[in-house]
Amino acid sequence: MTMARRPQTGSYPQGLIIRFRDSRLSCRISRRTLAIGFTLLLLCIAIGVASLAAGTYPLSVADVARALLGHGEAMVLMIVTEWRLPRVALALLLGGALGMSGAIFQSLTRNPLGSPDIIGFTAGSHSGALVVILVFSGGYYQTAAGALAGGILTAFIVYLLAWRRGAEGFRLIIVGIGISAMLGAFNAWMIRKADLQVAMSAVTWSAGSLNGLGTEQLLPVTVILCLIVPSALLLSRPMRQLEMGDDMARATGVPADRVRLCLMALGVALTATATASAGPVAFIALAAPQIARRLTRSAGVTLIPAALTGSLLLLCADWIAQHAFATQLPVGIMTVSIGGFYFLWLIVREGRR
Amino acid sequence: MTGNDTNKRPETTPGRLHGWNLTLRYEDRPISHSLSVAIPDGSFTVIVGANACGKSTLLKALARLFKPSAGTIVLDGKDIFEQRTHDVARRLGLLPQSANAPDGITVADLVARGRYPHQSFLRQWSKADETAVCAAMEAASVADLSARLISELSGGQRQRAWIAMVLAQETPILLLDEPTTFLDIAHQIETLELLADLNAKGRTIVAVLHDLNQACRYASNLIAMRNGSIIAEGSPADIVTEHLVQAVFGLGCIVIDDPVSGTPMIVPRKRK
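Keeping their order, the protein sequence lines are chains W and L.
Position in the first sequence (first residue = 1) + 4 = our numbering.
Position in the second sequence (first residue = 1) + 27 = our numbering.
To be clear, the hints were calculated from the coordinates, so they are not data collected in a lab.
List time: in silico DMTMM-like cross-link candidates among lysine to aspartate or glutamate, alpha-carbon distance up to 20 Å:
1. L:K94 - W:D261
2. L:K94 - L:D55
3. L:K154 - W:D26
4. L:K94 - L:D106
5. L:K154 - L:E165
6. L:K94 - L:E54
What you are looking at is a predicted structure, and each value in this text was computed from that prediction instead of being measured.
Required output: the full structure, derived from the provided sequences and hints.
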């Protein structure tokens, strides 16, 4: 990686320090995190542009750039901005949402397995959507609403069941895994009971895919994320304190239970937004925060690098799913494969310790 | 507000921190009933007692982490639970028994997290933060380790890093729950010497300790608890007797003078 700099021995906390107006506006950020962040951003842009250029009607990068600035042939303009851009933008936004959601839950549970896919919220969203598709034969928006409701309801149940004088991270994971397994069985049963026709569309949705998503999904997703992401960033400092344990967080002035509840709500909303739009896309939330943490060598998971890694992962996965094989695959299948490699890597890494 | 005000000696008005008429209970398990306790300013107060006598619970209550079902904890003349937790955290620090260092955190970054109550979303790293973190690392002798990962440290070094973290909080009152547990004897003494040193520089220290001899040596004010009540309170030389040890721990002993510090020293008798 570029610009990697090992921390030197010295008594000062390392990093780039920015101060304005007598420290009233000040922050400290590790140079490595900054460099990694920019690299990830550049990669997202590069692969994004490549995705805009690729397809059954291949375009040059220059064509894409012109089209993005609003110039060029009407045909090219339409292909880029109306057909391909919404999908690329959604991959970036939803990948980021999943990465950030994973970071929030892994931080809250103090466990790299504490991601929304593992602790049942994704399965809950899935159930919610299935109920809508199979029982009420709802359309896209009803399905999205069902996924949202399912995710939030599951989160609520998991939180209640894990609650015992505060919801400790490990209990949350154990209860979540249990609920997740039960919901998985329920989902399979629902699909078996349904008519073939409906079941087929439900299964398609269940694979998690960006196929067929366009401008009409992009707008609501953007609006929702514009609300959630800043709130999550505002809570990132108390979130960091919570990683040291509830007592330590409270002792340093964090209202632990309230902050945790808000963070959980935000994390669920992020996952639910992604699931509602694209179906259950597995493993991004699990892998992105840990990959980002290892790249930045930061203490604990961090929101922005996790989100950028999530964006990059989903964008790459979608690109591969669309172009690498003879047929278009749902991106969910790609992310599951990525997840498999991620687990192998994790096992090898932990095994070496 | 920056940390400068904390370097002053505490006001002489008795007891910035005290608990009045406390009832402490976990759902169905009562711990204490009408318990009153005052922490003298500038003291090194040590709370001792047998396992499960309620000493950690009392410490947590004093740190507003455990809400008494009756009674009030007063910090600076006001009920501690009615003050903003952020404001309390600038005056009262706690090192709990169960603190968790995030994966991959360095000593300096851990210590920097102690600055939380002095920071805000916009003001994330002021000059005062930097000064306080460096001073805290110096005071706890972890400055040389600042770039090391917490996970690489020995038990004693790790404990010093945690103490540096609560020192960076720059609170005039510091509460510690069993700070010497899991340390070997040399590191126990090192930690207690550090606390004594901080106390000499003006901080009020309240610690729960297991070792009665260490408590006698370092405490200026000893609180002995049994079954949720305080049965003796005062300078160790005044209150530690064979009778007290029998009452608190149910242990027969003789009390002699510590040959090094002259404070009371407990030598247990053989059980028949």
